[in-house]
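Number of protein chains: 2
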Amino acid sequence: PLCGALAAELLALPESLKAMTKDFFEIHLTWLQENIKKGQDQGVLKPDLDVITVSRFILNALEGASFVSWAMSDDYEKSSGFDLILAGILRSEA
Amino acid sequence: PLCGALAAELLALPESLKAMTKDFFEIHLTWLQENIKKGQDQGVLKPDLDVITVSRFILNALEGASFVSWAMSDDYEKSSGFDLILAGILRSEA
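Protein sequences, first through last, are from chains A and B.
Position 92 (the first sequence) corresponds to 92 in our numbering; numbering is contiguous.
Position 53 (the second sequence) corresponds to 53 in our numbering; numbering is contiguous.
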């Protein structure tokens, strides 16, 4: 959400802030990658997920969610599709 | 991609164009909903998908993808996660 707000203003940002936004996304990606790996190690997440691809996909989906819900003036929580992401990455035999 | 570019400039747009961007998303959502329904009717897509939720999720994910890849200056095609979306909605018994 915060990075969504930042990213939304990207076009209007000076170069230094564009680099910051990129760093910000990188931080999110690194966090996602570490935690998906942890989840796999603990047997909570599907072991066959590609950590890099899935992390980027989650970032995309949540960035897009904050963005679209803002354009549509509706509820981010209800429209983020986070349940669908979870359903896609959790091990089903729980 | 086009609507991503539009949406990215949303903050800077006058009210009339904000409404257009919203309409633009609505057109995408309607198209997605119709085609997911068709895909279900033809037995290509999973029959238990919630059409509204999944359509919004696809829009979110692809908007986010165009947005994040632009901020990261990398390749939209390679990072959109479209394969993951397909894997999530196609009937597996194919």
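Calculated directly from the structure, the hints in this document are not laboratory data.
Quick caveat, the model's predicted, so the values are computed rather than measured.
Incorrect hints may have been included.
It does not matter which identical chain is used: a pair holds within one copy or between any two.
Mimicking BS3-like on lysine-lysine, the simulated pairs with C-alpha atoms at most 27 Å apart in a straight line are [stated by the list, open to error]:
#1 18 - 38
#2 46 - 18
#3 46 - 78
#4 22 - 37
Evaluation of the provided hints:
| no. | hint | result |
| --- | --- | --- |
| 1 | 18 - 38 | neither (30 Å within a copy, 41 Å between copies) |
| 2 | 46 - 18 | neither (34 Å within a copy, 40 Å between copies) |
| 3 | 46 - 78 | both (25 Å within a copy, 22 Å between copies) |
| 4 | 22 - 37 | within (22 Å within a copy, 37 Å between copies) |
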